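Undergrad: Using the sequences plus the hints, can you model the full thing?
Per my numbering, the sequence shown runs over residues 20 to 219.
Warning: the hint list may mix true and false statements.
To be verified - Okay, derived cross-link-like pairs now, BS3-like style, lysine-lysine, Cα gap no bigger than 27 angstroms in a straight line: (1) Lys-184 / Lys-137; (2) Lys-180 / Lys-196; (3) Lys-150 / Lys-108; (4) Lys-181 / Lys-150; (5) Lys-180 / Lys-137; (6) Lys-181 / Lys-196; (7) Lys-108 / Lys-184; (8) Lys-65 / Lys-144; (9) Lys-65 / Lys-180; (10) Lys-144 / Lys-108.
Note that these hints are calculated values from the structure, not bench results. Source: prediction; values computed, not measured.
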Amino acid sequence: MENKDLTYIRAILNNDSTLLDEIYRRFLPPLFGMLRRNGGRFEDAKDVFQEAIVVVFHHAARPGFQLTAPFQSYLIGIGRFIWLRQLKKNARIEVTSDREDGFDVDADLEHQIFESEKQRLFREKFTLLGKDCQQLLQRFFDREPLNRIANDMGYTDDYVKKKNKVCKGKLMELIQKDTRYGELTSHIYSAKTQAAPNGE
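TA: What follows is the structure, encoded as structure tokens:
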């Protein structure tokens, strides 16, 4: 693999703004070309590109990661998979499977893409909560002590526990009402079933 390809991977992992700008300049145009052939706009390409970068970050951060294709093929392949999934889900057009880069998304990478979509759904719904709920849940996610949260927010410990439960319930309700929730849940369950020995 070319050193430049690995440099791009490290740039994404290290949030190197200079090289990230270079990645956008070099690889957004070919991704947009693929999207345009499948009914996509430039705004769609920017969204898909950003999501593909997030997937690369999480995939490359896993222990034992190896880049087995040129970086452009890897990144554009992920972007293509994300976009074609959106097209199929929305039944917007007949999909033209653009395979010029010769890159296949394997089961491991596909799972990472679904995990990224799940996280994005969570973040979207989290921002719909009230500011109090967002602050409270974030502090629980950060594993802050209960008494510190209560003192800082001016609540009793019991009230914080009760409000945490209510806020989590609101968040789960928002997530479960989204049509993406069922698809993502069924995919993850299917992946776990296939990974289990003898289907157990």
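Undergrad: Can you give the numbers of the hints that this structure goes against, from lowest to highest?
TA: Violated hints (numbers, rising): 3, 7 and 9; every other hint is consistent with the structure.
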